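Trainee: Sequence:
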Amino acid sequence: MHQFEIVSRDPAVVFPGCIQGRHIRETGPKGGVLLTVTEGAAPEIRHVPLDVLRWAHLPVDLSGAMSSSPTTAIWWTWRPTAWRPRG
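Taking this note's numbering, the leading residue of the sequence shown gets 61, the next gets one more, and so forth.
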């Protein structure tokens, strides 16, 4: 859902998706579509990422976890990556 898709190249039919992932299941780059049209040629279709926050699936290796709580281990493993304060 909400994913960029080229439905047809001739004629050009493009579903741009949305410019920002709306929830955790909408992973990957989101953005708009740039069409370059030249007379006598099929349009060039290019997806341009515009998202400011990108959802992703990150693998977590808990084999060396010191805590018996997987939730705690995941938090301390990925906290530096997932949370970056702006200042």
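Treat each hint with caution, since some may be false.
[Unchecked claim] Label-pair distances were calculated between CB atoms; the ranges are:
id : residue 1 : residue 2 : range
1  : Thr-131   : Val-74    : 35 to 43 angstroms
2  : Phe-75    : Leu-118   : 26 to 34 angstroms
3  : Trp-135   : Ala-102   : 48 to 56 angstroms
4  : Gly-124   : His-83    : 26 to 34 angstroms
5  : Ile-66    : Ala-116   : 17 to 25 angstroms
6  : Trp-136   : Pro-103   : 44 to 52 angstroms
Simulated from the structure, these hints should not be mistaken for laboratory data. Quantities reported herein were computed from a predicted structural model and do not represent experimental measurements. Glycine included, C-beta positions come from ideal geometry on N, C-alpha and C.
Trainee: Give me the numbers of the hints this structure contradicts, sorted from smallest to largest.
Mentor: No hint contradicted; all consistent.
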